[in-house]
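Make the complex out of the two chains shown on their own, each in a separate frame, by following the hints.
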Amino acid sequence: MSENTHSHHLEALKVARGRYYLFEDIGKTAAFTFIGILISARVFGLGYQDLANIRFWDVVWGAGIVFVAFFAFQILHRMTNALSAKHRRAEFELKAKRTKDLILQKHPDTSVRQTNTRSKYLPKRIDAGSK
Amino acid sequence: MIPPRRRGYATDDLESIVDRLLSDPSAIRIWIRDGSNSGAPVPSLALEWVDILEACYEHETGHLPTFKDAAKLGFGIIVLVGGLAATGGTGILAAFGLGATVGSAILTSYETLKLTAKDAAALERLAALDQALYYLEQDMRDS
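Here the protein sequences come in this chain order: A and B. Residue numbers for the first sequence, in the numbering used here: 1 to 131. Residue numbers for the second sequence, in the numbering used here: 1 to 143.
What the hints contain is simulated information worked out from the structure, not anything from laboratory work. Computed from a predicted structure; not experimentally measured. Backbone N, C-alpha and C fix where the C-beta goes; we use that ideal spot for every residue, glycine too. Accuracy of the hints is not assured; some may be wrong.
[What the hints assert, rightly or not] Chain B side only, calculated, beta carbon under 7 Å to chain A, not exhaustive:
| hint | residue |
| --- | --- |
| 1 | 19 |
| 2 | 46 |
| 3 | 64 |
| 4 | 65 |
| 5 | 66 |
| 6 | 67 |
| 7 | 69 |
| 8 | 70 |
| 9 | 75 |
| 10 | 77 |
| 11 | 78 |
| 12 | 87 |
| 13 | 105 |
[Unchecked claim] Calculated Cβ distances over 12 Å to all of chain B for the following chain A residues:
| hint | residue |
| --- | --- |
| 14 | 31 |
| 15 | 33 |
| 16 | 34 |
| 17 | 36 |
| 18 | 37 |
| 19 | 39 |
| 20 | 41 |
| 21 | 44 |
| 22 | 46 |
| 23 | 71 |
| 24 | 88 |
| 25 | 106 |
Extracted from the complex, chain B is given alone in its bound form (with noise of 0.2 Å):
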């Protein structure tokens, strides 16, 4: 995982702001005119907004999969295939190798689910700030 650039915010807020943000990303919106008493947008609250989705974002794409990820696929298909030469074998290194070949497709297709999943989550949480980040600037746009 690529770590969180460190901003001055608990990972767990910027988790709940994203969180809060998926379900309803004009959410922004009033938060940008908090404590206005004209209703209007703060500008000064706006830029902290700025660098706080920013921070949002670049912790977000931390639950990309990595190259890291794609390794580990990598030596599952490694296994995999030593596993096949081996069944070509006769007696014990046949059966090492069709356990083998069993063992890391199982374990490869999880990882790959695995990983699908948190593409999708990721993705998604990702597009919310991106909308955020759109209504954040329309709004300062027409303030």
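Bound-form chain A, shown alone (with noise of 0.2 Å):
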């Protein structure tokens, strides 16, 4: 990845997660939609005693049936993620081995150093199965 294109994928995740929880986008959809119910309302011909008969239960059906496809898709989106988290980990896993190899390759002898200079980078490391 180059660093062109690390720059402009951080953009735009952070431009994604922008706009998540915008109550005002529900709402620009609720008012859209009524218009929308209004216009094709008049174009089919139908009076508002017409819109006002539509019953209570097709509604909160309709909206059901909406909601249950939404959420099933969500289901399906959350699966799909856990199992590209497991991909995404074997993937690092390969190219941090690779590393290593040219690592090795190139300084054939290296050894992992004793000393401790980066504890100002990890200022409590602990035991392995100490926490």
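Set out below in structure tokens:
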């Protein structure tokens, strides 16, 4: 991944994150749906009385079907993500192994250094399994 | 959540490393030169940092939604469908159905939004780790 691609990717993610949790968007959608219904009613020659005659339970069922379809999609999406996490980890491990091989190939006498000079980055190194 | 594999690093430390790399993935270049007199990357240190990056990656993927999260949403749908079916009834059953429908719709929506935000945050951090490993590899290739 090039530096440009990375920063572009990060920027895109930030923008995408900024789009969550906007109740304003939900309000806009509801307003446009309402306007859409009124325009459709006008086009199909339906009066306010016809709209008023739509049964309450029909609306509930209609909304329910939309909700169920949406959440079913979300479940599939999450399951895919769970699989993708596993895949990503394996991919990163392969890349890490390739990098280690490269280092050992270029510097065959390299051994992992024993001194803890990077302690400023890992201030609380603990023994494996102690946490 | 998938627990991070124990590699001997404290979770807090792994998170602080990722935080740092998130703001500047090229910081790894300074870290692998740490203590080097010539200014060139230190191979043994680079090996260690690959290991640390791997531990960070594993820890961060543990923040991605799992099958358990999907199952929670599945439960929400079952309640939603049950609620909708009950609204077809009469009296107390219809009232209960309407309550269950509205309640599960709100809760499942909230859960979905929360998971989506979690997705984005974890992916962003994983991308930073990817980039750091890329820098490290390039530096070692050029050294």
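* Grab the minimum beta-carbon distance between residue 31 of chain A and chain B and tell me whether it stays above 12 Å. => holds, 19 Å
* Asked: If you take the shortest Cβ to Cβ gap from residue 46 of chain B to chain A, is it below 7 Å?
  -> holds, 5 Å
* Interface restraint verdict for residue 70 of chain B against chain A (beta-carbon cut-off 7 Å) -> This interface hint holds because 4 Å falls under the 7 Å limit.
* **Least C-beta distance between residue 46 of chain A and chain B, which was stated to exceed 12 Å** => Label holds. Min Cβ-Cβ 25 Å, cutoff 12 Å.
* Asked: Can the hint on residue 67 of chain B be confirmed by a CB-to-CB distance to chain A that is less than 7 Å?
  -> Result: holds, 5 Å to nearest chain A Cβ.
* Asked: Hey, does residue 34 of chain A actually stay past 12 Å from chain B on C-beta?
  -> holds, 19 Å
* Is it correct that the beta-carbon of residue 44 of chain A has no partner in chain B closer than or equal to 12 Å? -> The claim holds: residue 44 of chain A sits with its nearest Cβ about 27 Å from chain B, beyond 12 Å.
* Far enough from chain B: is every CB of that chain over 12 Å from the CB of residue 88 of chain A? -> violated, 6 Å
* chain A contact restraint for residue 78 of chain B - C-beta distance below 7 Å -> Given a least distance of 10 Å, the restraint on residue 78 of chain B is violated.
* Asked: Can we keep the residue 77 of chain B interface hint, with Cβ of chain A closer than 7 Å?
  -> holds, 5 Å
* Asked: Once the shortest beta carbon distance from residue 75 of chain B to chain A is found, is it less than 7 Å?
  -> violated, 10 Å
* Can we confirm that no CB of chain B comes within 12 Å of the CB of residue 41 of chain A? -> holds, 25 Å
In terms of the numbered hints stated before, the structure departs from hints 1, 9, 11, 23, 24, 25, listed from lowest to highest.
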